[in-house]
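Asker: Residue-level listing of the chains:
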Amino acid sequence: MSINQVRFIAKLRHPNLVRIRGFYWGSDERLILYDYVSNGSLTNVFYNKIFLYFLKLVRFIAKLRHPNLVRIRGFYWSSNERLILYDYVSNGSLTNGFYNKIFLYLLKLNEAIIHTIFKWLLNSGFGFSFTVQFSELRHPLYSQLSYWEWNRACSFEKEKKISMKKTKSSNPSHAREKAEGESTCRTSSSSIVSSNEDLMVNILSRLPVKVLSRFRCVCKRWNMLISDPYFVSTHQGRAIQDPNIMKLLCELKQDGLIRVCSIEEKEERKVTHDLIQPNYPDRILWEHCYAHMVGRPCNGLICLEGSHFALVCNPATRNTLVIPRGEEEQYYYLEGLGFCSSSNQFKLVRLYEISTGYRCDLFTIGQRGARETHPLQPICSWRHVGDFPYHICRSGRYMCHVNGRVHWIIWPLLDSSSEYVLSLDLELEAFKVVSCPEHWPEEARDEYVDLMELRGELGVVFLDWDVWEIWVLKDYTNSIWSKEYQINENIPGYPLFKNLRVLGIRRGRLLLIINDGIFCYYDPRNNSLEVIFDESPYLYSWFVTTYVENLVIPF
Amino acid sequence: MSSTKIFLKSSDDKTFEIDETAARASETLKNIIDGGCLDGVIPLPNVSSNILPKVIEYCKKHGGDNGSSKKIANGGVDKDKEILPDYDEEEDKREKVRVDELKKWEEEYMDFDQQVLYDLMLAANYLHIKGLLDLTVEKAASMIRGRTPDQIRENFNINSDFTPEEEEEMILIEDEWDDEWAFD
Numbered sequence: 144m145s146i147n148q149v150r151f152i153a154k155l156r157h158p159n160l161v162r163i164r165g166f167y168w169g170s171d172e173r174l175i176l177y178d179y180v181s182n183g184s185l186t187n188v189f190y191n192k193i194f195l196y197f198l199k200l201v202r203f204i205a206k207l208r209h210p211n212l213v214r215i216r217g218f219y220w221s222s223n224e225r226l227i228l229y230d231y232v233s234n235g236s237l238t239n240g241f242y243n244k245i246f247l248y249l250l251k252l253n254e255a256i257i258h259t260i261f262k263w264l265l266n267s268g269f270g271f272s273f274t275v276q277f278s279e280l281r282h283p284l285y286s287q288l289s290y291w292e293w294n295r296a297c298s299f300e301k302e303k304k305i306s307m308k309k310t311k312s313s314n315p316s317h318a319r320e321k322a323e324g325e326s327t328c329r330t331s332s333s334s335i336v337s338s339n340e341d342l343m344v345n346i347l348s349r350l351p352v353k354v355l356s357r358f359r360c361v362c363k364r365w366n367m368l369i370s371d372p373y374f375v376s377t378h379q380g381r382a383i384q385d386p387n388i389m390k391l392l393c394e395l396k397q398d399g400l401i402r403v404c405s406i407e408e409k410e411e412r413k414v415t416h417d418l419i420q421p422n423y424p425d426r427i428l429w430e431h432c433y434a435h436m437v438g439r440p441c442n443g444l445i446c447l448e449g450s451h452f453a454l455v456c457n458p459a460t461r462n463t464l465v466i467p468r469g470e471e472e473q474y475y476y477l478e479g480l481g482f483c484s485s486s487n488q489f490k491l492v493r494l495y496e497i498s499t500g501y502r503c504d505l506f507t508i509g510q511r512g513a514r515e516t517h518p519l520q521p522i523c524s525w526r527h528v529g530d531f532p533y534h535i536c537r538s539g540r541y542m543c544h545v546n547g548r549v550h551w552i553i554w555p556l557l558d559s560s561s562e563y564v565l566s567l568d569l570e571l572e573a574f575k576v577v578s579c580p581e582h583w584p585e586e587a588r589d590e591y592v593d594l595m596e597l598r599g600e601l602g603v604v605f606l607d608w609d610v611w612e613i614w615v616l617k618d619y620t621n622s623i624w625s626k627e628y629q630i631n632e633n634i635p636g637y638p639l640f641k642n643l644r645v646l647g648i649r650r651g652r653l654l655l656i657i658n659d660g661i662f663c664y665y666d667p668r669n670n671s672l673e674v675i676f677d678e679s680p681y682l683y684s685w686f687v688t689t690y691v692e693n694l695v696i697p698f
Numbered sequence: 156m157s158s159t160k161i162f163l164k165s166s167d168d169k170t171f172e173i174d175e176t177a178a179r180a181s182e183t184l185k186n187i188i189d190g191g192c193l194d195g196v197i198p199l200p201n202v203s204s205n206i207l208p209k210v211i212e213y214c215k216k217h218g219g220d221n222g223s224s225k226k227i228a229n230g231g232v233d234k235d236k237e238i239l240p241d242y243d244e245e246e247d248k249r250e251k252v253r254v255d256e257l258k259k260w261e262e263e264y265m266d267f268d269q270q271v272l273y274d275l276m277l278a279a280n281y282l283h284i285k286g287l288l289d290l291t292v293e294k295a296a297s298m299i300r301g302r303t304p305d306q307i308r309e310n311f312n313i314n315s316d317f318t319p320e321e322e323e324e325m326i327l328i329e330d331e332w333d334d335e336w337a338f339d
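Chains A and B, in that order, are what the protein sequence lines are. Our numbering applies: residue 144 is where the first sequence begins, and numbers increase by one. Our numbering applies: residue 156 is where the second sequence begins, and numbers increase by one.
Rather than coming from a laboratory, the hints here were simulated on the basis of the structure.
When the alpha-carbon atoms are kept at most 16 Å apart in a straight line, the in silico EDC-like pairs for lysine to aspartate or glutamate are as follows:
#1 LYS258/B <-> GLU410/A
#2 LYS626/A <-> GLU600/A
#3 LYS409/A <-> GLU261/B
#4 LYS285/B <-> GLU182/B
#5 LYS413/A <-> GLU673/A
#6 LYS209/B <-> GLU261/B
#7 LYS363/A <-> ASP316/B
#8 LYS160/B <-> ASP174/B
#9 LYS413/A <-> ASP677/A
#10 LYS259/B <-> GLU410/A
#11 LYS258/B <-> ASP289/B
#12 LYS353/A <-> ASP417/A
#13 LYS353/A <-> GLU329/B
#14 LYS363/A <-> GLU324/B
#15 LYS294/B <-> GLU410/A
#16 LYS409/A <-> GLU293/B
#17 LYS363/A <-> GLU320/B
#18 LYS617/A <-> GLU600/A
#19 LYS363/A <-> GLU322/B
#20 LYS216/B <-> ASP255/B
#21 LYS294/B <-> ASP266/B
#22 LYS363/A <-> GLU321/B
#23 LYS285/B <-> ASP341/A
#24 LYS185/B <-> ASP174/B
#25 LYS294/B <-> GLU262/B
#26 LYS409/A <-> ASP255/B
#27 LYS363/A <-> GLU323/B
#28 LYS363/A <-> GLU329/B
#29 LYS216/B <-> GLU172/B
#30 LYS216/B <-> ASP174/B
#31 LYS409/A <-> GLU262/B
#32 LYS164/B <-> GLU175/B
#33 LYS363/A <-> ASP305/B
#34 LYS216/B <-> GLU263/B
#35 LYS641/A <-> ASP609/A
#36 LYS258/B <-> GLU411/A
#37 LYS251/B <-> GLU410/A
Model the full structure from these sequences, guided by the hints.
Answerer: Written as structure tokens, this is what we have:
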């Protein structure tokens, strides 16, 4: 991304577009600075789509290159002014009649004509033929972009791409050129490999979801293979075991984008940040809404709740499912997702406050791999599973799902009792109360105390005097806990910990967030701390969770 | 160490010699040896003479142990060893040196072009050499990772068999996932 290109995008102006003031384009971070918008409507998803579309359009035009064409770097398009930013040409030859003509056209005519010109240019320069009719392009200016036109413009782009592909395959000289370039790849062994299903599953299951989603377009067989339940589970199994990559869902932004941070450790550590936009259903797209993530990711799925909707989403594939509210009028707390492996179903949990405690409802989401094996499976509704008389220690955190059970920290019914965790078995749909050891301090119920999953077991971390203790529940029936780790509050060379959260374990080291935003590894073997990156002033650490991406789409 | 020699015949009728211990790295050869079906030369009609020496080289390095190759694939640490209650620095260091050495060897070993990679992968698959299969598959995966579907088709000799309507849909999908913002 050169400075020219940045300038180029920033030049886009439109009454419906927020102006972009600046960019930061680092290898690990992409920031866009735009005007402050007091009205939330511009930051909604629709705005994002238009903006992305604009970028695409602009990118398309800027991508056109031809020895006789000066590269276009930027536009400014308003009712009274039209500017085009292009490379400085020291040699006069490019500014000759040919070029001037195009330039004048660009100045005089609307964008629709620009497309036609490019069409012509492509026709003469690259041997592509377009099926798009000239008359079809004569719709109002792109600058009056509406959702309808956005779709139209998309279909134009699509047709263009298709015709490009068609010519590519039918153009022998082009094909020959390609074949020469890649002759070394065209080996018989590569086609033997590609026809060997086992090897292909083996290779493809090592790739990230994003790459696989693109590879669906390679051929029918690959599309089938990638959606196949066997492949989905192989891929999931490999992703869970891969110790080299750790993904963290960091936050849901106001405009519905999810920030994912991946820490990759192959030869050296690489931290990347990605923004993901789930495919929100259209009716949510049009409402301006504030949404947040509910609970923790469960088998690659997350749950999002907005002011008047709830949905379950696989952020890797971007698929979403809207969860109906049901007939209930009362206010409820959406708690998050759990997974029941025996029935291969996801269950969404919500709670109501009632006079004697809480009432619990479940919503079942059936799993069918990625393909429609049971297209007729009805989408269930909310269903009441039981009440419990305990009060939940709720302070911004949600329930914790571990191994087919969900858990909450509760206040005991009697002060003297040591009842500590309420668990709901999602398969049996039965509640169970687990006590804590008598000697645990009062702090174990403090607001910053967090439940988490540690190697498939329920863990809890709390501060006892000056030591952070991490305990794991070993036995539900007998309430047996064991102390797995303890971290001294003061490690030489580092500031005093406050607010410690354990995200997970990698290669014997604990991944922690300390002091609201410093991500670090703690090595229990030699009591050392290694800072990975620091986002301290900007992060609300309760929303950071580990997550393993997969292709599971149970809806 | 027993040094019984075993003879392998490639698809183009060339014979290669390998120690029995090394040959046991291959599940297929191991079964043949244990099954007592050994009569002089084992013919390998799916492996050519330019690939077989490579396979033998790998087997020699990993002869007898299947565990170490697994450790490499997991990045040097076994999954079961996530918690180390007794932290032994010396042991850890020695282990690290050994792993580093193997990694370096693998790097040199894996330095070849794409055609050899696919041939080697097929041979490893045929002979059931898990470590070598993992190694080659991992390399193939990292090679195709950043490619476009078009390049993949070229690479694997695949023709797009979508109908025009499906093709349109697929192009939309491809487009949706092609969200690199940079122009170049």
